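J.: Based on the provided sequences and hints, a complete structural model is requested.
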Amino acid sequence: MAASLQFVSIIVFTLGAPAFSVLALIYLVQRKRGNGLFRLFTVLCAFAFLGNIVAASFAINSQFVTIARALIAGILPPMMAHLIVQQEREHGKRAFVRPFLWLFYAAPILA
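Each residue of the sequence shown is one higher than the last, beginning at 1084 in my numbering.
Keep in mind the hints are simulated off the structure, nothing from the lab.
Predicted model only: the values in this text are computed from it and were never measured.
Each hint should be verified, as a subset may be incorrect.
[What the hints assert, rightly or not] Distance windows between CB atoms, simulated:
no.	residue 1	residue 2	range
1	1154	1102	17 to 23 Å
2	1140	1173	38 to 44 Å
3	1190	1094	26 to 32 Å
Even glycine gets a Cβ: it sits at the ideal position worked out from N, Cα and C.
T.: The following block contains the structure:
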């Protein structure tokens, strides 16, 4: 069961890594248009997928790699919330959650 679950996760990482890597490259090339936060989010998603596939494929158990993967995975949910708040603000809706966003960012770093 564990081997089949690992196999399925490697397939998911294999499909997700190129998709987010291509998106990240496209957004980095288009510097003038778009949202800088969205570009950073896409790059971090690509790093998350690539880090997971490398760690799973080569059985890397380094403490540095584990901490880096945990930080990237931990920062993605607050960044997603930040993107939503930013988009709501662009559409004229006021959001009073800015202090909570910074706490949301700090939680995975401190954990």
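J.: Each hint: holds or not?
T.: Tested hints:
Distance hint for residue 1154 and residue 1102: a CB-CB separation of about 22 Å, consistent with the stated range 17 to 23 Å. Take residue 1140 and residue 1173: their Cβ atoms lie about 40 Å apart, and the range 38 to 44 Å holds. Checking the proposed 26 to 32 Å range against residue 1190 and residue 1094 shows it holds: the Cβ atoms sit about 31 Å from each other.
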